[in-house]
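Given the coordinates of chain B, assemble chain H onto it according to the supplied hints.
Residue strings, one per chain:
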Amino acid sequence: MIFSLAVYGAPYSSQASDSAYRFAAAALAGGHSIYRLFFYADGVHNATRLAAPPQDELDLPQRWRTLIQAHKIDSVVCIAAALRRGIINREEAERYERDADNLAPGFEISGLGQLVDAAVHSDRLVTFGD
Amino acid sequence: MILHTVNKSPFSHSLLEACLAIMGAKHSLLLLEDGVYGTLKTSPMAAALAERGRAGAIYALEADLRARGLTDTALLSCVKPIDYAGFVRLATEHSKVQSWF
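So the sequences go chain by chain: B and H. Each residue of the first sequence is one higher than the one before, starting from 1 at the first, in the working numbering. Each residue of the second sequence is one higher than the one before, starting from 131 at the first, in the working numbering.
A couple of the hints might just be wrong.
Claimed, not checked - A few chain B residues that don't get close to chain H, going by computed Cβ distances all over 10 Å:
(1) Arg-65
(2) Ala-81
(3) Val-116
To be verified - Not everything, but these chain H residues come out facing chain B in the computed CB check (under 7 Å):
(4) Glu-163
(5) Tyr-214
(6) Ala-215
Said to hold, decoys possible - Taking CB as the label site, the calculated pair distances span:
(7) B:Ala-93 with H:Ala-176: 49 to 55 Å
(8) B:Ser-13 with H:Gly-154: 28 to 34 Å
(9) B:Gln-55 with H:Met-131: 43 to 49 Å
(10) B:Lys-72 with H:Thr-222: 20 to 26 Å
(11) H:Glu-223 with B:Ala-80: 31 to 37 Å
(12) H:Gln-228 with B:Gly-111: 22 to 28 Å
(13) B:Met-1 with H:Lys-156: 15 to 21 Å
(14) B:Ala-70 with H:Ala-187: 29 to 35 Å
(15) H:Ile-152 with B:Ala-25: 28 to 34 Å
(16) H:Ala-151 with B:Met-1: 28 to 34 Å
(17) B:Ala-52 with H:Ile-152: 42 to 48 Å
(18) B:Ala-52 with H:Glu-223: 39 to 45 Å
Honestly, the hints are just simulated from the structure, not real lab data. The structure presented is a predicted model; accordingly, all values stated were derived computationally and were not measured. Glycine residues also receive a C-beta, built at the ideal position from the N, C-alpha and C atoms.
Just chain B, same shape as in the assembly:
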């Protein structure tokens, strides 16, 4: 079965990111596929490549990166949610004349239409709310 996941929670703020990760890992382990991960609202913070949590704690952004790269999962952060929270790729940093970018490899910045597209092209869309 084809799943897509919408993640609304920032890492370490709520359990949403952790729950979504565990669901994604279980779905893949069960032989299902993931069409898209959509990070929305505070969930966009999962896509930073600059998070540096203590070494003896779970590194949630790193875990997402590893999963996304290992399974080549299409992973989108909502552009409106991301830019206002300072999650930005090189292209947008240039457009808005910012001095750095922080979007992790494996993620892309795109619009809410990608969530609709995910709902249309997946058998199930599962939302992990804040």
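Coordinates of chain H only, in the frame set by chain B:
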């Protein structure tokens, strides 16, 4: 057939009450994160949940129960603990997953 998920405690939110009020006869309920506090016999929604539980199983994520120290003896008997693979299976068995948060 809809799978409803609730991730907030009924001790602090009215989400579980709202969910139970609109759940169809053949719908299922999965409690996760702080939502698992709803499985307690002492929860404000215990009577309504037990009543609903007569129609079919109500599920709770085992890892979230354990993380909060909730043990079998304190839980409503209609609650069935499941793991993440079970969550995925429930999602496949229902036509939609409605998340309450």
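Under the constraints set out in the numbered hints, which ones does this structure not fulfil? No hint contradicted; all consistent.
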